[in-house]
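Undergrad: Between the sequences and the hints, there should be enough to build the whole structure, so can you do that?
Protein chains: 2
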Amino acid sequence: MSTKALRKEEEENLLRRADDLCRQNNLRLTPIRERVYRELVQSGGPVGAYDLVDRLSNEKKRLAPVTIYRALDFLRDAGLVHRLATQNSYVISHGQPDMNAMKIMFVDAKTGETVEVHSTEVAEAVRKAAEQAGFKSVSPFMEVEGEIAQ
Amino acid sequence: MSTKALRKEEEENLLRRADDLCRQNNLRLTPIRERVYRELVQSGGPVGAYDLVDRLSNEKKRLAPVTIYRALDFLRDAGLVHRLATQNSYVISHGQPDMNAMKIMFVDAKTGETVEVHSTEVAEAVRKAAEQAGFKSVSPFMEVEGEIAQ
DNA sequence: AATCATCACGTAATAACGTAATAAAAAGCG
DNA sequence: CGCTTTTTATTACGTTATTACGTGATGATT
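Those protein sequence lines, which keep their order, are chains A and B. Quick note, this note's numbering runs 14 ahead of the 1-based positions in the first sequence. Quick note, this note's numbering runs 14 ahead of the 1-based positions in the second sequence.
Check before you lean on any hint, since a few could be wrong.
It does not matter which identical chain is used: a pair holds within one copy or between any two.
As the list claims (entries may be wrong) - Calculated cross-link-like contacts (lysine to aspartate or glutamate; reagent style EDC-like; alpha-carbon spacing at most 20 Å):
(1) Lys-22 to Asp-33
(2) Lys-142 to Asp-112
(3) Lys-22 to Asp-34
(4) Lys-75 to Glu-53
(5) Lys-75 to Asp-65
(6) Lys-75 to Glu-145
(7) Lys-74 to Glu-53
(8) Lys-75 to Asp-122
(9) Lys-75 to Glu-48
(10) Lys-124 to Asp-65
(11) Lys-142 to Glu-73
(12) Lys-22 to Glu-48
(13) Lys-142 to Glu-53
Calculated directly from the structure, the hints in this document are not laboratory data.
TA: Written out as structure tokens, the structure is:
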């Protein structure tokens, strides 16, 4: 089986999982939202909001930025997509929702390439630090810039 | 001694430390750069770049955004200031440069208030995760959103 | 069915954030 | 001093994100 077919399969898996997750939580994965999610899945990496505007527009119809931002907000709330604040871009979030793990997005400072890793160890250490800081809860997402080992 | 006086003293300490650090590394803490740093110190929290433009401008002279950004770039390179990507804002970085500790900026999701904590434990856990991700080095700064206790 | 509330989306305008290009001034250095 | 490098000023422009307002769809309640 080709890698392309594998990727295609992976794609469908993600879409199906997203669909299930929404169904289970009474969230509406509307056509626009699904198209945005699918585009992010297919891209395989971070994509800017205005890139999404371009990619999901055609000659007949041009989407407005706010339409994309609304879809992204929904997907972020659902935990399906993560915003890379340092890059002004958006990327799908892999992984089953493991409440005890920190989802770390490592971002290559040069290329913007990302790798997602889940770590309960980091989660635990951060929780401890948060307590010191007087924080009672922390986001399960974080973003760390670094240098990829080519 | 009043808390105000204490804060004033703390302010002067930070300024002096910044000055020393620049002197030791042959960096030039020019008037603009110092004014930007001082403004961040006095604010006691994160400030946006355009806020700084306003605060450091007066009737006679209005600074251009690019002036502020350059000063901020300098201060960030010097390790004196940290950019909060999630907030599009900038905040002074406390603390002696401990190479083995991760500098974590906890950001209150509601108010934007920040607390900085250094943790070697988090640093170690993140390094381990980075290795898994195929990253050979990571930034000593990170930003975590959360909810402040109280 | 009629009413009401909520949500999703369209459209337009604009705010907020950041950078490029160019020139002038200031600082370091032989 | 004269030369090079760094820093700053000014203007314009590019990118990212939000606000405001209207409309239609959906769904629950009476």
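Undergrad: Could you figure out if Lys-74 and Glu-53 sit no more than 20 Å apart (CA to CA) within one copy, between two copies, both or neither?
TA: within (19 Å within a copy, 50 Å between copies)
Undergrad: Which holds for Lys-75 with Asp-122 at a C-alpha limit of 20 Å: within a copy, between copies, both or neither?
TA: Classified as neither; 34 Å inside a copy, 39 Å across copies.
Undergrad: Is it within, between, both, or neither for Lys-22 and Glu-48, if the alpha carbons may be no more than 20 Å apart?
TA: The answer is within: 16 Å in one copy meets 20 Å, while 54 Å across copies does not.
Undergrad: For Lys-75 vs Asp-65, is the C-alpha pair at or below 20 Å within one copy, between two copies, both, or neither?
TA: Classified as within: same-chain Cα gap 15 Å, cross-chain 38 Å, threshold 20 Å.
Undergrad: As a check of your reading, is Lys-75 near Glu-53 (CA-CA no more than 20 Å) within one copy, between copies, both or neither?
TA: within (17 Å within a copy, 47 Å between copies)
Undergrad: Please work out whether the CA atoms of Lys-142 and Glu-73 approach to 20 Å or closer within one copy, between two copies, in both situations, or in neither?
TA: neither (53 Å within a copy, 48 Å between copies)
Undergrad: Between copies, within a copy, both or neither: which fits Lys-22 and Asp-34 at Cα up to 20 Å?
TA: within (18 Å within a copy, 56 Å between copies)
Undergrad: Is it within a copy, between copies, both, or neither that the alpha carbon of Lys-142 lies no farther than 20 Å from that of Glu-53?
TA: neither (37 Å within a copy, 31 Å between copies)
Undergrad: Checking Lys-75 and Glu-145: alpha-carbon separation at most 20 Å within a copy, between copies, both or neither?
TA: neither (50 Å within a copy, 45 Å between copies)
Undergrad: Between copies, within a copy, both or neither: which fits Lys-124 and Asp-65 at Cα up to 20 Å?
TA: Within one copy only: 19 Å inside a chain, 29 Å across chains, cut-off 20 Å.
Undergrad: Within a copy, between copies, both or neither: which one fits Lys-142 and Asp-112 at a CA-CA cutoff of 20 Å?
TA: both (19 Å within a copy, 19 Å between copies)
Undergrad: How would you label the pair Lys-22, Asp-33 (within, between, both, or neither) given a Cα cut-off of 20 Å?
TA: Within one copy only: 16 Å inside, 56 Å across.
Hint violations for this structure: numbers 6, 8, 11 and 13, all remaining hints satisfied.
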